[in-house]
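Novice: Fit chain H to the known structure of chain B by using the hints.
So the protein sequences, as listed, match chains B and H.
With the first letter of the first sequence counted as 1, position 131 gets the number 130 in numbering that gives the first Met the number 0; the numbers rise by one all the way through.
With the first letter of the second sequence counted as 1, position 151 gets the number 150 in numbering that gives the first Met the number 0; the numbers rise by one all the way through.
A few of these clues could be false.
Short derived list, chain H residues pointing at chain B, Cβ under 8 Å [claimed, not checked]:
(1) Gln467
(2) Val502
(3) Pro512
Listed next, with one range per pair, are the computed distances between beta-carbon atoms [claimed, not checked]:
(4) B:Met332 with H:Ala187: 31 to 37 Å
(5) H:Leu367 with B:Pro113: 56 to 62 Å
(6) B:Pro113 with H:Asp557: 36 to 42 Å
(7) H:Lys425 with B:Ile198: 40 to 46 Å
(8) B:Ala15 with H:Leu223: 42 to 48 Å
(9) B:Glu180 with H:Gly230: 46 to 52 Å
(10) H:Leu223 with B:Ile198: 38 to 44 Å
(11) B:Glu180 with H:Leu60: 37 to 43 Å
(12) H:Arg59 with B:Ile198: 23 to 29 Å
(13) B:Gly165 with H:Lys425: 49 to 55 Å
(14) B:Pro53 with H:Leu223: 44 to 50 Å
(15) B:His186 with H:Glu498: 16 to 22 Å
Keep in mind the hints are simulated off the structure, nothing from the lab.
As the structure is a prediction and not an experimental result, all values here were calculated from the model.
Where is the CB? At the ideal position from N, CA and C, for every residue including glycine.
Listed below, chain by chain, are the residues.
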Amino acid sequence: MNDDRRRFLKQAATVAGVSLGAAYASLAPKTWPLSLRDEDGERGKPRLKSLRLPEGGYAVAASNVLPLLGVARGQNIDAMVKAAVDAIGGISRFIRTGDVVLVKPNVAFERAAPLGATSSPEVVMALVRLCRAAGAREVRVADNPIESAESCFQRSGVRKAAIDSGAELYLPSPGDFHTLETPGATHIGKWPFFWRPFIGVNKVIGVAPVKDHNLCRASMTTKNWYGLLGGRRNQFHQDIHGIISDLALMLKPTFVVLDGTRVLFRSGPTGGSLADVKMGSTLVASTDPLAADAFGWDELLERKGEPLPAYFGKIQERGIGNPAWRSVNVKEMQVG
Amino acid sequence: MNPNFSLPSFPAGLKPNLEPNKDGTPWYARKLRITSIRVVSQVFFFGLFVFLLWVTWMSRLGGYPASLFLEMDPLVSFATALSTHTVYRHLWMGLFILIPTLILGRVFCNWICPYGTLHQFMGWLFNIRNNKSRLDSNRYRALFQTKHVILVIFLVMAAFGSLQIGLLDPICLLVRTFAVAILPAADAGIVEVSTRLGLQKFGLDALVFKPAVHDSRVFGGAWLVGALIMGLVGANLVIPRFFCRVLCPLGAFLGWLSRFSLWRIDRDLTKCTDCNLCLKGCEGAADPQAALRKSECFVCFNCIDDCPEDALAFKLTPPTPAQFLVGKIKDGTATLFGRKVISKIPETVITNPDLPRRRWVFAGFAGLLAFPFVRYSKAVNKRGFDKKAIRPPGSVAEPEFLERCIKCDQCINVCPTNVLQPATFKQAGIEGLWTPVMDFAVGFCQLNCTACSEVCPTGAIQKITVEQKLGLAAYAEKGPIRLGTAFFNQGRCLPWAMETPCVVCEEVCPVTPKAIGTYDETITRWDGVSVTLNRPYMRPELCIGCGICERECPVVDDAAVYVTAIGETRSNDRTLLLKGPKNV
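Looking at chain B on its own, in the form it has when it is part of the complex (with noise of 0.2 Å):
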């Protein structure tokens, strides 16, 4: 008898348990603890965290007084990429002793370096050691590429370039993008970016080749930062123009390389052929993307007179950049 009374009180205090619990879960204000409760639907939606690069990019300190633009121009690439940096102040002027330094070449298409399609290896590896020996702490190698990355960094060189000189290669992976806030951006306020490479990183360089390109005509500096973006890409096309200048709007870099060793002048930005590559010999340091790329524009592809791709006032309007570079101060040298 005990026995059944005592069954009959444990089931029920079971049964209701179980009811008061679910009723508390489901229908309690969603303010109370462990409350369930989502009336319009809004709870259950999926909270988007959204990241911000530093205010200011990763730029140093402007200087009125040192070149806009560095050209080297010869064979030697080391002494070139140093001879280039040199004349816009020097490496220490911009790599501290303990920066993480993120290096940006772009290695889009799994083309082998003499076809053009790609950053030179030999500029990416003279540009880590130059960061080296200036005493950063980690240089970082990272791209995400429009065909298979690994396939892109293996072919193009970068992958071996990067190890050797003592890099870190950052390949993507499906947890590596966040988005990323870009206020005042057109298209892009919001965007899936690469984000793991950024992680405690506080001066970017940005390495990119000169290429033709089939909508926007020409591929350089600015357009590089492509790369850094992940999700519909693929969309930018329709307004590519506007999309070029809020990536100069969303990364401002502390210079960048414009690797005109070897310029992609047609068939761009893919190429495939040694017929559309001639010898560029040249390269461009800059903390003035848009000079550098103006630069390119004119010299490197040659066609200057030729009006500019309207990139590059849209990114003149919001202040990024100059791309009169004949008026600002060139150091043009011979080297080797």
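Specialist: For chain H alone, kept in the frame of chain B given last:
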């Protein structure tokens, strides 16, 4: 020695028993048994199998025999020899398994086969049977004939040119299951854990099977492949080693070979008390307690381990005792070489597979019928082939492809862009189920990549060089390998139909000069704004069908530029243009 000295006492139950065995052998003979060595072998080969899947990737391939297990699968060599009358590239390595089987029996099944190991392990892990139930679950059943029927059907079909062994061959099945279902899940798990816990810097990412892909890999019909392995592993709970005993065509094939094997398990009638304890761990359900079914025995040695009378041993061509019996077993007067026979069962071996002759005939007829049924389905014929049955570069023409492809999906496993997908019924019918086809909504065929041709064990995708693929150097006259041809759907194309600039397709077109050109026009849009549109068109003689245009087209659900199989160079039936090289 101090007589008062004693070892520190162990807690009850943990005290190691270091007493010698009753027969005088030392204590470690209880631990160091042949079955323990077998487990080490199984772990090694399973590990090797997973390791080779791990190296099947662009940055890791260098020199590893990535398709080793497939190439040393003797059923693959034999069935492709039947269908193609040749033994491709490394398939001679089937001898590595064939010869040991002829000498020792089906050792492959319980010492090497990673799929067998998986089933045995799962059966062990989830075993809830008591001893009596285990004995009963390991008795031979007529159902186990099924694998022989399956094998006959597959071999007859292979002889006619339709290779279907890969549907159930354990190595093909397991490679496919890993490639399509398990590895993407494993990678997602590893990436999730390492990102959440910040373990990337400790090298956890090195465990990722497919590193540096910016989206998780997806495979059409992964659910089916996944459901199959869950079902087949789950079946071990009902019948231990269900797949191995009932379905495995490789097991059946090795069973046929093992009838000749020199060694086998032998039962000593003068020791055997018919206690049936040998059945407790019998993996093959080979009746070691009675007449050993040689073609069913996996040579796992559990029976020798479990026999309390030491009546079982692995022997070189043991004689059959019936001829030497003196007296009658029934009366209990029988002796064998002067020793008293204890067992009531005088037979010790059944050599041939247990399939009655009429059933062999049935199986043969079934294969004979199955061939035309699958072959004259529309999907795989030159009339009415599916436009999306686009094969990887280097593939032989469709009829030859179906003679060679074992659906192992190693090509799919190595493909860096995820474009290779296991075909569904729609693209390839049942005959081509799980064979590789390209889905350009997922990926594209990377220009300088020939990885799939490197790993294909059977030459369905012939080993090609980049020069061969792109029609360079010595192949300039032949031209590039074309997978198909791209077409524009102007009704969905942004510049053609929506007054919106685009031409991603032209940008990414990898050939030079580009196979996509544009008509450049400046129009006044509906709202009065002037826009310049580059309206794309195809130059078919330049297109190689790589599909990157379709992959990158922003109209992602039904791309405005899309590739179909027409124009592929592997067969004359499917060429498009009058000009250009033909296969003669």
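Novice: Each hint needs a verdict: does it hold in this structure or not?
Specialist: Structure-based check of all given hints:
1. Restraint check, H:Gln467 versus chain B: the minimum CB separation of about 17 Å is more than 8 Å; hint violated.
2. Taking 8 Å as the C-beta contact cut-off toward chain B, the hint placing H:Val502 at the interface holds, the least distance being around 6 Å.
3. The beta carbon of H:Pro512 comes within 6 Å of a beta carbon in chain B, closer than 8 Å, and the hint placing it at the interface holds.
4. In this structure the hint that B:Met332 and H:Ala187 lie 31 to 37 Å apart at CB is violated, the actual value being about 52 Å.
5. A hinted range of 56 to 62 Å for the beta carbons of H:Leu367 and B:Pro113 is consistent with their spacing of about 58 Å.
6. Remark: the range hint 36 to 42 Å for B:Pro113 to H:Asp557 is upheld by a beta-carbon distance near 39 Å.
7. Range check, H:Lys425 to B:Ile198: Cβ separation about 44 Å, and the 40 to 46 Å hint holds.
8. In this structure the hint that B:Ala15 and H:Leu223 lie 42 to 48 Å apart at CB holds, the actual value being about 45 Å.
9. Under the hint 46 to 52 Å, the C-beta atoms of B:Glu180 and H:Gly230, about 48 Å apart, fit the expected range.
10. A hinted range of 38 to 44 Å holds for the C-beta pair H:Leu223 and B:Ile198, which are about 40 Å apart.
11. Between B:Glu180 and H:Leu60 the beta carbon distance is about 40 Å. The supplied range of 37 to 43 Å therefore holds.
12. H:Arg59 and B:Ile198 have their C-beta atoms about 26 Å apart, which keeps the hinted 23 to 29 Å range intact.
13. Range check, B:Gly165 to H:Lys425: about 51 Å between beta-carbon atoms, so the 49 to 55 Å window is met.
14. The given range of 44 to 50 Å is respected by B:Pro53 and H:Leu223, whose C-beta atoms sit roughly 49 Å from each other.
15. Range check, B:His186 to H:Glu498: about 18 Å between beta-carbon atoms, so the 16 to 22 Å window is met.
Of the numbered hints stated above, those contradicted by the structure are hints 1 and 4, listed in ascending order.
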